[in-house]
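Trainee: Quick mapping for you: the protein sequence lines, in order, are chains A and B. So the first sequence is numbered by the numbering used here: it starts at 1 and just counts up by one. So the second sequence is numbered by the numbering used here: it starts at 1001 and just counts up by one.
Hints listed in this document are in silico derivations from the structure and should not be mistaken for laboratory results. Each hint should be verified, as a subset may be incorrect.
One-sided and incomplete, this derived list gives chain B residues near chain A with beta-carbon spacing under 7 Å [to be verified]:
#1 Thr1004
#2 Lys1005
#3 Glu1010
#4 Leu1076
#5 Arg1084
#6 Tyr1169
#7 Val1172
#8 Arg1376
#9 His1418
#10 Tyr1424
#11 Gly1430
#12 Leu1432
#13 Ser1433
#14 Asp1434
#15 Pro1438
#16 Val1442
Okay, the calculated bits of chain A under chain B, using three or more residues with CB under 8 Å as the criterion [claimed, not checked]:
#17 6–14
#18 105–112
#19 424–435
Backbone N, C-alpha and C fix where the C-beta goes; we use that ideal spot for every residue, glycine too.
There are 2 protein chains.
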Amino acid sequence: MERTKFILDEKDMPTHWYNIQADLPKPLPPVMHPATGKPITPDDLAPLFPMELIKQEVSTERWIEIPEEVREIYQLWRPTTLFRARRLEKALDTPAKIFYKYEGSSPPGSHKPNTAVAQAYYNKQEGIKRITTETGAGQWGSALSFGCGTFGIECKVYMVAISYHQKPYRRVMMETWGGKCVPSPSPDTKVGREMLAKWPDCPGSLGLAISEAVEDAVSRDDTHYALGSVLNHVLLHQTVIGLEAKQLMEMADVYPDIIVGCIGGGSNFAGLYLPFVKDKIEGKKPNLRIINVEPTSCPTLTKGPYAYDFGDSAGLTPLMKMYTLGHDFIPPPVHAGGLRYHGMAPIICHLYNLGLVEARAEHQLATFEAGITFARTEGIISAPEPNHAIKVVIDEALKCKESGESKTILLAHSGHGHVDMAAYDAYLSGKLSDYAYPKEKVDEALASLPKMPQA
Amino acid sequence: MERTKFILDEKDMPTHWYNIQADLPKPLPPVMHPATGKPITPDDLAPLFPMELIKQEVSTERWIEIPEEVREIYQLWRPTTLFRARRLEKALDTPAKIFYKYEGSSPPGSHKPNTAVAQAYYNKQEGIKRITTETGAGQWGSALSFGCGTFGIECKVYMVAISYHQKPYRRVMMETWGGKCVPSPSPDTKVGREMLAKWPDCPGSLGLAISEAVEDAVSRDDTHYALGSVLNHVLLHQTVIGLEAKQLMEMADVYPDIIVGCIGGGSNFAGLYLPFVKDKIEGKKPNLRIINVEPTSCPTLTKGPYAYDFGDSAGLTPLMKMYTLGHDFIPPPVHAGGLRYHGMAPIICHLYNLGLVEARAEHQLATFEAGITFARTEGIISAPEPNHAIKVVIDEALKCKESGESKTILLAHSGHGHVDMAAYDAYLSGKLSDYAYPKEKVDEALASLPKMPQA
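Take these sequences, add in the hints, and give me the full structure.
Mentor: Right under this line is the structure:
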């Protein structure tokens, strides 16, 4: 029998996260304060985040130790497995070698707890008793509930009302781990109460949920706020994926020619590829290709300009330089899965701008078709998000079949789709369609870019 | 950091299943033909099952080779991990060592594919193109769809209509793997059409779904029928769990004092413990305790008599000697999870009758409470079924705390609850209650026992 799985021993699990800021050929553009137009200071962020995370946000130290208490929680599911997708290779009849690093074995079923656990830990260290956040479909809210639960911190999740009512499973997961989840708008905040007075049946939005979570956090001394993607410290925590993957690829005696992953805020895929980008920056692997895959219905890297924008749709956050569709951007209703963020992690945008990574947009129907092929060969039913990357992996493997090249492809598989079966149902019953966000509409959306020097 | 996980290398995965029939101190009572009152013959079963499975059903060969093609599919998720539940131990402040063998990492999320894949393989070998089965909540139907898909066999699942409509996620899983799932009663069979004519909105029952699946299978030469638990060959295939567990416990340098698992039809738990029962039969481990845990609302071993009964509620199958609540038995509506079978795997019943294993019944609310404790310590949200076993593990660990004994407890963890969050929701919102099936009602249900010599 041929080997299909590569697994690290627990004692070989990474002890440090990798900080790409130590190795960037040019530093990241600063994050700006919207009122002053000047770079933000740690004090600006202190009401929301613990100082350790604020330090990580701007640190240029190459290796940052993973606290032992965090590694002990990671141990519940880490290190995660590197799979060789032999049955997919056979079905495609390709000479390509396809590997995937699978993050679906975590309790909430995705990569998200890698940072949720770390954020809960640093908040706990600073004496924080309670963390608030927002969630759309519930993936991040459930991961943070899990993470907070492991350190005995209260977790309050403002979940977009329409998702709260339509997708109760994620809410129940949060409650099972001890978190509290309310539909947003809620009567628990001023902004929520005002909205409910005007519009009692308001379906909510991510922007509104952020406003509620932030208002809640700043109004109480014992409470902080947490973000599940985009920020530098979030990507830092996710590098545990890539560090494990590097060790495991070595164990498999290969190095990737192409790395593929899906991007919404970007933390999962960057978590996998940042340790490999290091090799590229250092000139060791000049031909390594890294393909960021996004939906055609939210084409941030492939269609958006590189500009300063708010991180949230409510316009509450500092300004970050990102490829962005404008913070007013809302993906079209036909779009079934995640990957709906208007911007992109500044680190990814910077690397893309420097030409170190590529981007590609994929249509929805083809991504589900790819997901079905994956399920019928490798078994795993993937979340709609990684299906975007699977589509590109299949394309690249079929190119190898044509050219006869035996390339090594590494897929960042962010998690399973057990709680996303409604999207599969919609696909299998012909209720989904494609939508490519047209350039004109992107230009329109960009009207929401903040009026400030777009240096 | 302390070790929490024990994992076999792929090349050390078992190559043979263990057949307890080689080592039983007394042979199993024969399976009887209801019409003749005589033991059934292989020919009686040939319209439903491939000859290799019929042979396994009665084989007394100790080790039966796992075909390489089956092991290649097992490799998608096997060997599975043995966890040390250190955070649960700490939360209970117990000197007990708690281990669990976790089967939730399979694509359908339970132990069921261990036999689904094997059954699909043997059917394929015999030239069968199509397999039918019934399913209640959908766990078995999804596992068989996955198993059939891996060998390119069509799978047709008759799913109890009310579950089909209330729990669409499992149906969508089946379709994702290429299976076909219809609500039962369906217009696809004579028995289904007759029922629909009488009662168009009939919610269906497992008995009716079995009748449809069997009628479909016997009416076509290219089609067989498959069962997901109870039968000897099903338990045989599940011994891969216990064989791995034995190797891993050795690796952890321990041997269990107590093994705990939940039983419905019994295949998951027997799969874990049969290789350990061998040690007990051989006198090597006389003090090993094996506790079968069932719900008080379906108390087969703890309340039922040991008698010949039909395997299905429709009275179509041969008669098996089992502890049984009568094949007309239906668990009360308050019961939220699986473990609803009126009888029990004949192998388990025989071992229980011989005094080699124990049984205990647990109330529903306490099992969910235990499941919440497990989720908040070990992370995994368990299916309602293994929560029954977790309740007993916690009880035994707390007894160790009182007595100061450091016993080793091994839990058979059959799978996750990602598709069972509605049951957690009902529990967390106070909508579940307890129900102990009273002895009088059991006596009443036993009126359905077939009229034949109960030798």
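Trainee: Can you give the numbers of the hints that this structure goes against, from lowest to highest?
Mentor: Structure breaks hints 5, 11, 12, 13, 14, 15 and 16.
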